[in-house]
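Starting from the given sequences, assemble the full structure and let the hints guide the process.
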Amino acid sequence: MPLWRLPDHVADVLPAEARKLEELRRVALDIFRSHGYELIQPPLLEYLESLITGVGRDLESSIFKLVDQLSGRTMGVRADITPQAARIDAHLLNRSGVTRLAYCGHLLHTTPRTPLGSREPIQLGAELYGYPGIHADLEILELALSLLRRVTDEPLVVSVSHVGIVQAVLGAAANGSDWREAAANALVRKDRAALEQLPDTQVGADLLALLDAAGPPQSVRLNACRTRIEARHPSSVQAFADLDRVANAIAGRAQVLFDLADTHSYGYHNGITFAVFAPGGAAALARGGRYDTASSQFGRARAATGFSMDLRDLSRLLAAPAPARAISAPWTDDAAWRDAVARLRADGEIVVVEFPGALHEHDEFAYDRELVRGDAGWIVRVRD
151 MPLWRLPDHV ADVLPAEARK LEELRRVALD IFRSHGYELI QPPLLEYLES
201 LITGVGRDLE SSIFKLVDQL SGRTMGVRAD ITPQAARIDA HLLNRSGVTR
251 LAYCGHLLHT TPRTPLGSRE PIQLGAELYG YPGIHADLEI LELALSLLRR
301 VTDEPLVVSV SHVGIVQAVL GAAANGSDWR EAAANALVRK DRAALEQLPD
351 TQVGADLLAL LDAAGPPQSV RLNACRTRIE ARHPSSVQAF ADLDRVANAI
401 AGRAQVLFDL ADTHSYGYHN GITFAVFAPG GAAALARGGR YDTASSQFGR
451 ARAATGFSMD LRDLSRLLAA PAPARAISAP WTDDAAWRDA VARLRADGEI
501 VVVEFPGALH EHDEFAYDRE LVRGDAGWIV RVRD
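In this note's numbering, the protein residues as written are 151 to 534.
FYI, nobody ran anything at the bench for these hints, they're computed from the structure.
Be aware that one or more of the hints could be misleading.
What the hints assert, rightly or not - Label pairs and their calculated CB-CB ranges: (1) 299 <-> 188: 18 to 26 Å; (2) 244 <-> 299: 30 to 38 Å; (3) 402 <-> 256: 17 to 25 Å.
What the hints assert, rightly or not - List time: in silico DMTMM-like cross-link candidates among lysine to aspartate or glutamate, alpha-carbon distance up to 20 Å: (4) 215 <-> 199; (5) 170 <-> 514; (6) 340 <-> 409; (7) 170 <-> 409; (8) 215 <-> 158; (9) 170 <-> 350; (10) 340 <-> 350; (11) 215 <-> 196; (12) 170 <-> 303; (13) 170 <-> 158; (14) 170 <-> 489; (15) 215 <-> 270; (16) 340 <-> 362; (17) 170 <-> 270; (18) 170 <-> 362.
The structure displayed is predicted, hence computed values, not measured ones.
Backbone N, C-alpha and C fix where the C-beta goes; we use that ideal spot for every residue, glycine too.
And the structure:
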């Protein structure tokens, strides 16, 4: 095998794409900062038990594992920054009020999440801790939309769900039922046959109603489902009210769909969840939701909601950047030349030195000006 070959689903990032990713990262972190979110940088490696605790317990199969040569304990390369952020909030910051955290960093997955996906995604996200009310969920969703709106003018589709509705239905199952998790998994797979064969036929019928109700908030089928579920499971009433609140908050900025059977994160989410799609896109650009109980494994339960996305996926919405404007500066030993170059760079200009006799590629920069010696010293001149 050639030495230049990389593992499957791992790729180098070349200059133009790297610049696009970096500029997008800066834009995103500036948006997070403007909303009061503080940047954190968790380590790439942690002890395995920390990475698979709470919000990360569904990630173990995605984590590369290795033995720590210092302690002998099993370590893992992070597959998600969310559990690390929860650990930092619960254990290190230990604040009692609202905490807003943001992050952007590389992950490593044992297998890609999608057939054409990378095993080295760049996760970008924001988490809000310490507030259990719907206002926090709305802020997180609106923050995700604000970022996506800076990237694309295309219409966005927001699929919203509430784990409490499925929990209310499954909670009505007979005591001792051991098939609740299997029923939730059947919802994830949209497996009608499995739902029809559940031991509790009423619960099965309720879950099928949730499955069939996916669509706009005011659709006839969804309203019929809501009437049925609220009548049979009163604890779902507040969950439906929360969904209405979300739909009203983002109306006009994105197309809203309710997917009451979306239980992809049923294991740890406990409230509003959402996914944002581009029109016709099969994979979500961003996913988020509430996970109040996850941080309890770190010694302190905290209300929590947040979202994350892959910076690589986000960058695909942007056109390739135009070459950056730059000034060419032929090399000389003149001290005044060095001072002129330093001043230009301090002013934010890109100044590229051209060495004598060297071939210079012009793909990355547009050399529209050059530094030349004039009567009064070194000056910038527009190139012919």
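Straight-line alpha-carbon gap residue 340 to residue 409, limit 20 Å:
holds (11 Å)
Please work out if residue 215 and residue 270 have their alpha carbons no farther apart than 20 Å.
holds (15 Å)
Are residue 170 and residue 303 close enough, with their CA atoms no more than 20 Å apart?
Distance of about 18 Å is within 20 Å: holds.
Distance restraint between residue 170 and residue 489, which requires alpha-carbon spacing of 20 Å or less:
Distance ~30 Å between residue 170 and residue 489 Cα, so the pair is violated.
Has the given pair, residue 340 with residue 350, been kept, meaning a C-alpha gap of at most 20 Å?
OK: residue 340 and residue 350 at ~18 Å, within 20 Å.
Is residue 215 within 20 Å of residue 199, Cα to Cα?
With Cα atoms ~11 Å apart, residue 215 and residue 199 stay inside 20 Å; holds.
Within a Cα-Cα threshold of 20 Å, do residue 170 and residue 158 meet the stated pairing?
Roughly 23 Å separates the two Cα atoms, so the pair is violated.
For the pair we were handed, residue 340 and residue 362, check the Cα-Cα distance against 20 Å.
holds (10 Å)
Hint check: residue 170 vs residue 362, CA-CA at most 20 Å. Holds or violated?
The given pair, whose Cα atoms are some 41 Å apart, is violated under the 20 Å limit.
What's the verdict on residue 215 and residue 158, does the C-alpha distance respect the 20 Å limit or exceed it?
holds (18 Å)
Note whether the CB distance of residue 402 and residue 256 lies within 17 to 25 Å or breaks it.
violated (36 Å)
Can you confirm whether the C-alpha distance between residue 170 and residue 514 stays at or below 20 Å?
Holds. Residue 170 to residue 514 sits at ~12 Å (cutoff 20 Å).
The earlier numbered hints that this structure contradicts are 3, 7, 9, 13, 14, 18.
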